[in-house]
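J.: Sequence:
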Amino acid sequence: MEEKFSTEDAVELHAIVHGRVQGVFFRAGTRDIAVQLGITGTVKNLPDGTVEIYAQSTRQQLGRLLEMLQSDSGPGHVYSIDKEYSPPLRSFPDFRVTY
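All the letters of the sequence shown, read from the start, carry residue numbers 1 to 99 under this note's numbering.
Everything hinted at is true.
If you anchor each label on the Cβ, the simulated ranges turn out as follows:
| id | residue 1 | residue 2 | range |
| --- | --- | --- | --- |
| 1 | Q60 | D82 | 17 to 27 Å |
| 2 | G38 | H14 | 10 to 20 Å |
| 3 | G49 | E8 | 28 to 38 Å |
| 4 | D72 | E8 | 28 to 38 Å |
| 5 | V35 | R90 | 12 to 22 Å |
| 6 | E8 | S73 | 25 to 35 Å |
| 7 | P47 | E8 | 34 to 44 Å |
| 8 | T98 | H77 | 15 to 25 Å |
| 9 | P93 | D72 | 28 to 38 Å |
| 10 | S73 | G23 | 14 to 24 Å |
| 11 | G23 | P87 | 26 to 36 Å |
Hints in this document: simulated from the structure, not taken from any laboratory. Positions of the beta carbon are idealized from the N, C-alpha and C atoms, including for glycine.
When you get a sec, could you build the whole thing from the sequences and use the hints?
T.: As structure tokens, then:
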């Protein structure tokens, strides 16, 4: 597991993931990758079949998360990701699957 990021380098990612991402352990896989990268945040299913991610880390680590989610060995089959970066808007103690 990588070290937690410095809060002064932190950015927040809000992402909506489109594809075959529900019912395939996508949220658990996302959590496992995020924990491995030292990223904090949440992941949850949305009623429209997409998955919502809020994540905080450095932009580089968040980019790695998105790359790993979209890779052939990623958890599910991602068609596209809508993403928006901002300064951190909240504090996450860890990375969790939420409902």
